[in-house]
Amino acid sequence: MDFWAVIQQEWATRALIASTMVGLMCGVLGVFLVLRHMSLVGDALGHAILPGVVVAFILVGYNTLGFFIGAVAAGMLTALGITWIQQHMRTKNDAAIGIVFTAMFSIGVMGISWISHEEGVHLDLKDFLFGNVLGVADQDLYLAAMTLVMVLASIIILYRPLFVSTFQEVVARTIGIKVETLHYFLMLMLSFAVVASLQTVGVILVVAMLITPASTALLLSKRLKWVLVWAGLIGVVSAVGGLLAAIVFETTPGPAIAVVATILYLIAAFIAPEKGLAMRTWHRIQLQRRIEEEDMLKCLFHLCRSSTPITIEALAQSLGQSPRKVRRVLSRLKAKSLIDDKWQLTQKGRARAAALIRAHRLWETYLAQRTGLKPEHIHADAERLEHLLPEEMLDTIDESLGFPSIDPHGSPIPPKEGLPDHPLSTLPVGQQARIAPTQPDEQVVAELWRLGLPPGTQIECLETDDGEVLIRYNGQTQRLPSHIARKVNIELVK
Amino acid sequence: MIDVPAISIRGLSVSYGRKRVLSNIWLDIEPGVVVGIVGPNGAGKSTLFKAIMGLLDQYMGEVHVLGKPVEEVRKQVAYIPQRDDIDWHFPATVYDIVVMGRYPHKGLLRRLDAQDHAIVRQALQDMDIAQLQHRQIGELSGGQQQRVFLARALAQQADILLLDEPFVGVDVTTEERIIQILKKLARSGKTMLVVHHDLSTVQAYFDKVVMLNQRLIAYGDTDTTFTEENIAATYRSQLPILHQAGLVE
Chain A
1 MDFWAVIQQE WATRALIAST MVGLMCGVLG VFLVLRHMSL VGDALGHAIL PGVVVAFILV
61 GYNTLGFFIG AVAAGMLTAL GITWIQQHMR TKNDAAIGIV FTAMFSIGVM GISWISHEEG
121 VHLDLKDFLF GNVLGVADQD LYLAAMTLVM VLASIIILYR PLFVSTFQEV VARTIGIKVE
181 TLHYFLMLML SFAVVASLQT VGVILVVAML ITPASTALLL SKRLKWVLVW AGLIGVVSAV
241 GGLLAAIVFE TTPGPAIAVV ATILYLIAAF IAPEKGLAMR TWHRIQLQRR IEEEDMLKCL
301 FHLCRSSTPI TIEALAQSLG QSPRKVRRVL SRLKAKSLID DKWQLTQKGR ARAAALIRAH
361 RLWETYLAQR TGLKPEHIHA DAERLEHLLP EEMLDTIDES LGFPSIDPHG SPIPPKEGLP
421 DHPLSTLPVG QQARIAPTQP DEQVVAELWR LGLPPGTQIE CLETDDGEVL IRYNGQTQRL
481 PSHIARKVNI ELVK
Chain B
1 MIDVPAISIR GLSVSYGRKR VLSNIWLDIE PGVVVGIVGP NGAGKSTLFK AIMGLLDQYM
61 GEVHVLGKPV EEVRKQVAYI PQRDDIDWHF PATVYDIVVM GRYPHKGLLR RLDAQDHAIV
121 RQALQDMDIA QLQHRQIGEL SGGQQQRVFL ARALAQQADI LLLDEPFVGV DVTTEERIIQ
181 ILKKLARSGK TMLVVHHDLS TVQAYFDKVV MLNQRLIAYG DTDTTFTEEN IAATYRSQLP
241 ILHQAGLVE
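Protein chains in written order, with this note's numbering: chain A, 1 to 494; chain B, 1 to 249.
Hints are computed from structural coordinates only; laboratory data are not their basis. Keep in mind that a hint or two might mislead.
Claimed, not checked - Cross-link-like lysine to any residue pairs, in silico, SDA-like; alpha carbons within 20 Å at most:
id	chain 1	residue 1	chain 2	residue 2
1	B	K106	A	V179
2	B	K19	A	R90
3	B	K106	A	L462
4	A	K275	B	Q136
5	B	K75	A	R90
6	A	K178	B	T93
7	A	K178	B	K75
8	A	K225	B	Q76
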């Protein structure tokens with residue numbers, strides 16, 4: 001049959017409206033379920049409403065409203081039963097859920113098969129298990145619409161208490177939120193949603209509508225508000241998409257909806273910004289490449305210092321990499337103009353290498369001083385972290401260590417870029433020196449002129465205290481605080 | 001108002017079933033101090049916190065906060081739970097968390113106004129995390145996370161802050177920084193109660209110390225109260241460990 005002709009028929013329109021409403025409310029409600037680690041409870045409630053439907057059928061016959069009330073009652077009974085066991089017995093939480101819902105489900109199934117024996121009863125177990133979205137009646141639509149309005153209104157009104165109590169239950173209590181009441185109210189809303197979904201996806205698969213769109217949404221945003229919007233949207237797309245797919249491929253709608261929801265989840269899991277596999281792999285590759293490049297820079301820097309000729313073989317050996325890899329990394333460095341054609345570090349490359357060595361040696365110093373680890377134990381740790389420590393954290397560490405100039409192995413720690421090669425703060429007592437003609441910091445030069453200490457002035461160190469220095473020059477003495485002394489470049493007078 | 005203690009506990013006893021957790025505690029804490037709470041596991045430290053937050057169902061005695069029953073002054077008490085109780089993947093940014101501090105003042109539906117947002121921004125600045133406000137909370141370091149919860153307490157404009165082991169999982173530098181922040185808050189009249197395990201830093205960190213082991217062993221200025229004798233009385237069951245650590249002779 002022609003697809004367009006089919007979906008224009010009344011039963012198809014009703015099915016579409018019902019799925020849209022169910023997708024929306026289950027998606028939104030599911031977010032709180034997932035965040036509260038209650039996914040299993042959603043599954044349990046789905047199964048457990050069955051005996052309620054049976055009892056309602058016995059009492060009032062085939063009546064949608066009757067089913068609704070019976071199902072909600074059974075749902076609440078289940079929620080109370082689970083909570084009671086969890087609080088009063090030494091049974092684990094998930095086990096408690098399992099005990100209660102399988103018992104309820106079994107009673108329901110037995111009940112249905114028992115009343116189906118009587119003649120003229122059109123109560124089909126299959127409809128409850130997998131839904132019967134193509135047989136939605138007006139009354140079902142009204143009930144679903146009412147439920148939808150109630151669920152959405154409650155979430156909007158109770159957004160703040162739900163947010164706080166889901167994130168930190170104890171904190172919610174301290175500011176006077178009635179956490180238990182809220183929990184049972186959420187259970188009530190959940191029973192409503194489950195009953196409303198019965199026709200669309202059935203009791204077995206309702207949990208897919210609750211947790212799959214919500215989990216997908218959680219991959220897509222880092223703010224609760226937007227997660228709720230995404231979850232509603234994805235729920236609708238899954239439900240409608242699944243229904244249409246079922247019509248096209250002439251299959252059962254409930255499972256088709258669950259499959260579409262799962263496909264959307266897989267897509268998000270792959271391409272989601274930040275949390276998706278694709279992005280994470282990309283970031284890992286980027287990091288790996290950066291570490292290779294940085295290790296190469298350091299290696300070049302050391303080879304430069306020891307005036308060993310730079311060859312592919314020497315680099316390959318000292319880095320433990322294949323010559324091919326070394327060539328690749330070198331060409332990447334050249335493209336970033338960190339090295340020149342002769343594999344010599346450019347100005348930019350030298351600065352980067354010095355920054356890395358600073359990170360490495362500062363971290364080693366920090367570990368040695370603050371944790372008491374032996375210098376021989378900390379190299380590996382520093383080797384890894386030198387690539388990862390952010391600049392501002394290094395500055396904090398530097399400051400808290402009092403701007404050390406050598407690491408625990410006795411190697412010099414290069415100063416932060418923009419700091420002098422020979423800072424005044426490292427001048428030993430009694431030593432003569434000259435203010436160097438080249439100064440890295442313009443402001444410091446201005447300050448030096450103000451103090452009558454222009455470049456070239458001869459100075460002598462009289463006293464040092466934690467980076468602060470007392471100097472004598474032109475017959476006067478001057479105390480320079482550490483934050484200035486660190487920035488003044490000097491030349492030793494032989 | 002100056003005479004009203006920040007927290008006043010009169011004859012508090014708490015039992016869980018048959019097990020006595022706190023026994024006849026009498027304690028007045030004056031405002032504007034940083035108080036360390038020390039004691040072995042099971043000493044009743046978290047029960048004491050629950051009492052001050054008004055979360056105990058059954059207890060004997062009276063607990064007053066700022067001269068009133070706790071239920072009436074909930075807004076004034078901010079609780080900063082242990083870091084490992086928190087789901088760090090939760091979809092919330094730093095700003096979302098700090099703005100929670102305004103909820104108790106707003107009820108369910110009243111919109112947050114410009115003043116609320118100004119208070120939140122100020123709290124973020126005071127804790128030096130304004131530049132992190134759009135980060136998801138899991139993307140922060142331990143110290144930064146701790147400052148987010150302090151900022152929420154500031155946004156709540158609470159006078160009493162209860163911190164449960166705030167230094168667990170935080171590096172030494174940040175630990176010192178947080179204690180500086182607490183001392184500054186104390187100078188502005190707020191009262192901080194801190195559950196703390198590292199006995200070697202008690203002397204440096206706290207103005208006053210509560211030494212608890214079901215009974216109140218001692219309360220007073222850290223200089224005069226945190227003595228070897230009191231430590232031994234508090235940690236009686238764990239003496240061998242303390243001995244090894246060199247904290248008692």
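Results of checking the hints against the structure:
no. : hint            : in the structure
1   : B:K106 - A:V179 : 18 Å, holds
2   : B:K19 - A:R90   : 18 Å, holds
3   : B:K106 - A:L462 : 63 Å, violated
4   : A:K275 - B:Q136 : 12 Å, holds
5   : B:K75 - A:R90   : 36 Å, violated
6   : A:K178 - B:T93  : 24 Å, violated
7   : A:K178 - B:K75  : 15 Å, holds
8   : A:K225 - B:Q76  : 28 Å, violated
The structure does not agree with the numbered hints 3, 5, 6 and 8 stated previously, though it agrees with the rest.
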